[in-house]
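> These are the residues of each chain, in order.
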Amino acid sequence: MNNPKTLFDKVWENHIVGDLDSGQNIIYIDRHLVHEVTSPQAFEGLRIHNRKVRRPDLTLGVADHNVPTTSRNLGIESIKDKIARIQVETLEKNLAENNIEYIPLNSINQGIVHIIGPELGFTLPGTTIVCGDSHTSTHGAFGALAFGIGTSEVEHVLATQTLLQTKPKNMKIEINGTLGKNISSKDIILKIISQIGTSAGTGHVIEFMGSTIKKMSMEERMTICNMSIEAGAKAGMISPDIITLEYLKDKKFSPKNKKWDRATQEWKKLYSDENAFFNTSYNINVDKLKPMVTWGTSPEDGISINEAIPNPSDFENSEKEKSMNKSLEYMGLTPGTKMTDVSIQKVFIGSCTNGRIEDLRSASSVIKGKKVAKNLHAIVVPGSGLVKKIAEEEGIQDIFLDAGFEWRDPGCSMCLGMNPDQLENQERCASTSNRNFEGRQGRGGRTHLVSPATAAACAIAGTFVDVSEGW
Amino acid sequence: MKKFYNLESIAVVIDEINIDTDDIIPKQFLKTIQRSGLGKFLFYNRRYDSSNNKKDNFILNQSPWDSAEILITGSNFGCGSSREHAPWALLDFGIKCIIAPSFADIFYNNSIKNGLLPLTLSKNLINILSDYSLKKKYLKVSLLDQKIYYDDISLDFTIPNDIKERLLNGYDDVELTLQKGNLINLYEKKQYNEKSWKLVDNE
Ligand code: SF4
Numbered sequence: 001m002n003n004p005k006t007l008f009d010k011v012w013e014n015h016i017v018g019d020l021d022s023g024q025n026i027i028y029i030d031r032h033l034v035h036e037v038t039s040p041q042a043f044e045g046l047r048i049h050n051r052k053v054r055r056p057d058l059t060l061g062v063a064d065h066n067v068p069t070t071s072r073n074l075g076i077e078s079i080k081d082k083i084a085r086i087q088v089e090t091l092e093k094n095l096a097e098n099n100i101e102y103i104p105l106n107s108i109n110q111g112i113v114h115i116i117g118p119e120l121g122f123t124l125p126g127t128t129i130v131c132g133d134s135h136t137s138t139h140g141a142f143g144a145l146a147f148g149i150g151t152s153e154v155e156h157v158l159a160t161q162t163l164l165q166t167k168p169k170n171m172k173i174e175i176n177g178t179l180g181k182n183i184s185s186k187d188i189i190l191k192i193i194s195q196i197g198t199s200a201g202t203g204h205v206i207e208f209m210g211s212t213i214k215k216m217s218m219e220e221r222m223t224i225c226n227m228s229i230e231a232g233a234k235a236g237m238i239s240p241d242i243i244t245l246e247y248l249k250d251k252k253f254s255p256k257n258k259k260w261d262r263a264t265q266e267w268k269k270l271y272s273d274e275n276a277f278f279n280t281s282y283n284i285n286v287d288k289l290k291p292m293v294t295w296g297t298s299p300e301d302g303i304s305i306n307e308a309i310p311n312p313s314d315f316e317n318s319e320k321e322k323s324m325n326k327s328l329e330y331m332g333l334t335p336g337t338k339m340t341d342v343s344i345q346k347v348f349i350g351s352c353t354n355g356r357i358e359d360l361r362s363a364s365s366v367i368k369g370k371k372v373a374k375n376l377h378a379i380v381v382p383g384s385g386l387v388k389k390i391a392e393e394e395g396i397q398d399i400f401l402d403a404g405f406e407w408r409d410p411g412c413s414m415c416l417g418m419n420p421d422q423l424e425n426q427e428r429c430a431s432t433s434n435r436n437f438e439g440r441q442g443r444g445g446r447t448h449l450v451s452p453a454t455a456a457a458c459a460i461a462g463t464f465v466d467v468s469e470g471w
Numbered sequence: 472m473k474k475f476y477n478l479e480s481i482a483v484v485i486d487e488i489n490i491d492t493d494d495i496i497p498k499q500f501l502k503t504i505q506r507s508g509l510g511k512f513l514f515y516n517r518r519y520d521s522s523n524n525k526k527d528n529f530i531l532n533q534s535p536w537d538s539a540e541i542l543i544t545g546s547n548f549g550c551g552s553s554r555e556h557a558p559w560a561l562l563d564f565g566i567k568c569i570i571a572p573s574f575a576d577i578f579y580n581n582s583i584k585n586g587l588l589p590l591t592l593s594k595n596l597i598n599i600l601s602d603y604s605l606k607k608k609y610l611k612v613s614l615l616d617q618k619i620y621y622d623d624i625s626l627d628f629t630i631p632n633d634i635k636e637r638l639l640n641g642y643d644d645v646e647l648t649l650q651k652g653n654l655i656n657l658y659e660k661k662q663y664n665e666k667s668w669k670l671v672d673n674e
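Protein sequence lines, in the order shown, are assigned to chains A and B.
Using our numbering, the first residue of the first sequence is number 1, and each one after it goes up by one.
Using our numbering, the first residue of the second sequence is number 472, and each one after it goes up by one.
Among the hints, a few may not be true.
With a straight-line Cα cutoff of 30 Å, these simulated DSSO-like cross-link-like pairs (lysine-lysine) come out [said to hold, decoys possible]: (1) K511/B / K526/B; (2) K502/B / K80/A; (3) K269/A / K167/A; (4) K52/A / K660/B; (5) K320/A / K608/B; (6) K607/B / K322/A; (7) K258/A / K660/B; (8) K606/B / K320/A; (9) K269/A / K252/A; (10) K167/A / K473/B; (11) K660/B / K5/A; (12) K251/A / K661/B; (13) K502/B / K52/A; (14) K511/B / K322/A; (15) K666/B / K214/A.
Computed beta-carbon distance windows for the label pairs [said to hold, decoys possible]: (16) Q617/B / G462/A: 54 to 60 Å; (17) Q617/B / E101/A: 45 to 51 Å; (18) I624/B / T178/A: 56 to 62 Å; (19) A308/A / K525/B: 37 to 43 Å; (20) K606/B / N98/A: 52 to 58 Å; (21) I624/B / D241/A: 53 to 59 Å; (22) G641/B / T70/A: 45 to 51 Å; (23) N653/B / K214/A: 38 to 44 Å; (24) I624/B / D57/A: 52 to 58 Å; (25) N632/B / S365/A: 53 to 59 Å.
Computed footprint of chain A on chain B; a stretch qualifies when at least three of its residues, placed anywhere within it, have a C-beta under 8 Å from a C-beta of chain A [as the list claims (entries may be wrong)]: (26) 487 to 495; (27) 579 to 592; (28) 627 to 640.
These are calculated hints, taken from the structure and not from any lab test.
Beta carbons: idealized from backbone N, C-alpha and C, even for Gly.
Given only the sequences and the hints, what does the whole structure look like? Please build it.
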């Protein structure tokens, strides 16, 4: 074939509006998601320059970062923190003034921006999707080019429906093999990041492919693409297939009738051609993969849960050694300790990485009929109102409640602790979120990234535990 | 956006890799609806203890480093969250140029949008500049010449041309793009004729 192209090349080329004199591409943006934290200054910028929102119809707003996860009956009045409330009010005001659709706090459709985009069919294959949020990479699971932007770029998209970009490079990660019991795509992505590091993806768009990906549900694919940013990538992508179409059919904003037929015709062309060029490639076989856990303060600090914490002095690279020592001190851990000997005080199941219905199914299946360990505090925060509703219908809520978990309203919650859900100083948490940075979940808090099944099992055991054995 | 002028300053060295944006500006300060005033919260958890007292042992709380306009640091600086509050906080504190072996993509973009110069240099050169800076001597950064001067020596750096132009001229990207409005109109017309499925179908 002449000039074979990658999936990313195809989507990119479809969106080139033109070039600036500097050579940068002007890229058209099909979908723009807006939340309360990264948008106020962008709308303010529009006002200062007397500019209008070009395409309110392609923009969707929701508040998720700053919202309480306990009773929402009062709507915005339920936000007790005054400054947080002003931020959400500002979002509501900005969206209303600009005729942008907003999903209010007490709507069943409210939730974490990266969960509701796909769930409502706002996210579509072959589109470009941006949001002032790094985990926009999640939407790439649908074969969209989706990436996080800063507030200046949010303003740029609002004003022009485009972005100025230089084309990133292509990377592929091929995943083959069959996952063992209670092993999930979260374990795969933690494993990948532990091998390639948090900056391997810098300047690249990663396409995930291979037989394991082909078999995965959309939920599992989203978890993988979600954490592409933790590998430093601009975006992660997966070629759409029948599983993608089945997921999207009849969603609120998905194309309907004839439009659906035409759309799916196009989506079938969204794959990397044979012999397409990738600047970098990796392969991983997951047949023997064990549940993963991070021990440090970088997502690349992942090990199998039945391994011991590595010794910094084993690393040649003095920079890495130094940063490992700093992490271990912060985490209150010593090299050589087995993770399964480490006890925990908190468990958080939720976030845009693992707050979807399948995540809750998987977590609840390992705790059925069991009880949360003494003195351990465990919470489940469904990623959206819809996830919450399905979980309640399926009896998943009851399983969690019976086991002693708290069952909350949707939002980002303890993933970043902007709302009152935070870790205390030195509290140790098994978390299904995506970042274990110092202070991320609360000042002095110690975050260990794990899968939903692992988090649930740890809540029962009170320590880290291998959920692939005997659960 | 403000233009980037030549800089002459001491450089503060924080020799760590993977410094993330949660570290640069913790979440509790993201509730603001303004861009200004974030400098006092820069590296908050490092600069203040839990009772809000300044920690003397952190370099940015020490003179003369607290007035440095250049930051020299490790690879993958600015990884993590897309919060533009990170460059806003750095600029508000007085940092105008960051020198590192590599930057996270979104942080890099956010910096240039705000006139904060991110410079990539090899680890070797960074080590030389770090050693020199520890003597509290001035570095001079000239973006126009693409040179860093120290003592009587200078070293060259590379930077993509479009970024250099933009920083030197303080271009407003939105304005530049709006000048190409006809191209956007054309694109939209063509796209929505051929691909009406791309419109949001709200039924
Ligand atoms: S759940 Fe966490 S990572 Fe995801 S958007 Fe919210 S704060 Fe960001």
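> Each hint needs a verdict: does it hold in this structure or not?
Hint-by-hint comparison with the structure:
| no. | hint | result |
| --- | --- | --- |
| 1 | K511/B / K526/B | 13 Å, holds |
| 2 | K502/B / K80/A | 13 Å, holds |
| 3 | K269/A / K167/A | 21 Å, holds |
| 4 | K52/A / K660/B | 19 Å, holds |
| 5 | K320/A / K608/B | 28 Å, holds |
| 6 | K607/B / K322/A | 24 Å, holds |
| 7 | K258/A / K660/B | 20 Å, holds |
| 8 | K606/B / K320/A | 26 Å, holds |
| 9 | K269/A / K252/A | 24 Å, holds |
| 10 | K167/A / K473/B | 26 Å, holds |
| 11 | K660/B / K5/A | 26 Å, holds |
| 12 | K251/A / K661/B | 26 Å, holds |
| 13 | K502/B / K52/A | 24 Å, holds |
| 14 | K511/B / K322/A | 28 Å, holds |
| 15 | K666/B / K214/A | 27 Å, holds |
| 16 | Q617/B / G462/A: 54 to 60 Å | 57 Å, holds |
| 17 | Q617/B / E101/A: 45 to 51 Å | 46 Å, holds |
| 18 | I624/B / T178/A: 56 to 62 Å | 59 Å, holds |
| 19 | A308/A / K525/B: 37 to 43 Å | 39 Å, holds |
| 20 | K606/B / N98/A: 52 to 58 Å | 53 Å, holds |
| 21 | I624/B / D241/A: 53 to 59 Å | 58 Å, holds |
| 22 | G641/B / T70/A: 45 to 51 Å | 47 Å, holds |
| 23 | N653/B / K214/A: 38 to 44 Å | 43 Å, holds |
| 24 | I624/B / D57/A: 52 to 58 Å | 57 Å, holds |
| 25 | N632/B / S365/A: 53 to 59 Å | 55 Å, holds |
| 26 | 487 to 495 | holds (count 6) |
| 27 | 579 to 592 | holds (count 4) |
| 28 | 627 to 640 | holds (count 5) |
Figure legend: structure checked against the earlier numbered hints; every hint is met.
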